[in-house]
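Given next are the chains, with one letter for each unit.
There are 2 protein chains.
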Amino acid sequence: MEQYHQQLDRVFQALADPTRRAVLGRLGQGPASISELAQPFDMALPSFMKHIHFLEDSGWIRTRKEGRVRTCSIEKKPFAAVEAWLSEQRALWEGRTDRLERFVAASQQQEKPE
Amino acid sequence: MEQYHQQLDRVFQALADPTRRAVLGRLGQGPASISELAQPFDMALPSFMKHIHFLEDSGWIRTRKEGRVRTCSIEKKPFAAVEAWLSEQRALWEGRTDRLERFVAASQQQEKPE
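Which chain is which? The protein sequence lines are A and B, in order.
Residues in the first sequence are numbered from 1 upward in steps of one, following my numbering.
Residues in the second sequence are numbered from 1 upward in steps of one, following my numbering.
Bound conformation, chain A alone:
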């Protein structure tokens, strides 16, 4: 459970940056090399590589080196983790709305004149 939480911390942390979100957006369209990915950003390569490493360590991307080219591709697991967290929240919420509705319905039932 502790490990699950730590993983989720890093999954969300990875999304808390516009460069990393843009990289994921690009990789959603298909694999790309580091230089292709870095091209739209006005950023020194070492800074850009920190974002790539963060995305890799947090599980969002996989990288593979062939010759001198490192290719990145996106992973689906963290998406599933974020979606699972959102559905859990939605379930809590909807459970609460259901309980409220049952309470209102029960109150109206009791108030009905015989």
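Since the hints were derived computationally from the structure, they do not count as laboratory data.
Honestly, I wouldn't trust all of these hints.
What the hints assert, rightly or not - Which stretches of chain B does chain A cover? Using the computed rule of at least three CB atoms under 8 angstroms from a CB of chain A, they are: (1) 22-35; (2) 50-58.
Stated by the list, open to error - Here are a few chain B residues that sit away from chain A, every Cβ distance over 12 angstroms (derived from the structure): (3) 9; (4) 13; (5) 38; (6) 40; (7) 63; (8) 64; (9) 69; (10) 76; (11) 91; (12) 92; (13) 95; (14) 102.
Quick reminder that beta carbons are idealized off the backbone N, C-alpha and C, glycines included.
Mind docking chain B on chain A? Use the hints.
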């Protein structure tokens, strides 16, 4: 656009911590006072309050003080922002799958013997 990105940074940053996610989970079930929220955590109140302030500043919760009690409630807007981001990603992905399918279908069409 810049402001949108900064807001999204903070929305995701808020989720990158197990205490803050737990507080949101609790508030998903209905409003609660600070002391109710703090109760399950083995944490000094000032540290806990930092999490509350972070959730408030990032737009996830609203707080209201009545007399000596501060009550927190959850906001739906950041959920919508996270869901919007996820759907955007999914659309990119599915667009890519569609393009791949069309490509494969077109290739098969061309390869068909007359």
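Quick rundown of the hints versus the structure:
Coverage of the segment 22-35 of chain B by chain A holds. Counting CB-CB distances below 8 angstroms, 5 residues qualify, and the rule asks for three or more. Only residues whose C-beta sits within less than 8 angstroms of a C-beta in chain A count toward coverage, and the segment 50-58 of chain B has 0 of them, not enough to reach three; the restraint is violated. Not every C-beta of chain A lies more than 12 angstroms from that of residue 9 of chain B, the closest at about 5 angstroms, which undercuts listing it as non-interface. A cut-off of 12 angstroms between C-beta atoms contradicts the statement that residue 13 of chain B is not in contact with chain A; the least separation is 4 angstroms.
No beta-carbon of chain A is positioned within 12 angstroms of the beta-carbon of residue 38 of chain B; the least distance is around 19 angstroms. For residue 40 of chain B, the shortest C-beta to C-beta distance to chain A comes to about 14 angstroms, beyond the 12 angstroms cut-off, and the non-interface label holds. Separation of residue 63 of chain B from chain A is adequate, the least Cβ-Cβ distance of about 19 angstroms exceeding the 12 angstroms criterion. No Cβ of chain A approaches the Cβ of residue 64 of chain B within 12 angstroms, the least distance being about 18 angstroms, so the stated non-interface status holds.
Taking the minimum C-beta to C-beta distance to chain A, about 21 angstroms, the non-interface status of residue 69 of chain B holds against the 12 angstroms cut. Residue-level check failed: residue 76 of chain B sits 8 angstroms from the nearest beta carbon of chain A, not beyond 12 angstroms. With a minimum CB-CB distance of about 8 angstroms to chain A, residue 91 of chain B fails to clear the 12 angstroms threshold, and the non-interface call is violated. Its closest Cβ contact with chain A, about 4 angstroms, brings residue 92 of chain B to no more than 12 angstroms, contrary to its assignment away from the interface.
Under the 12 angstroms C-beta cut-off, the non-interface status given to residue 95 of chain B relative to chain A is violated; the minimum distance is some 7 angstroms. Annotated as non-interface, residue 102 of chain B keeps its C-beta farther than 12 angstroms from every C-beta of chain A; the closest such distance is 14 angstroms.
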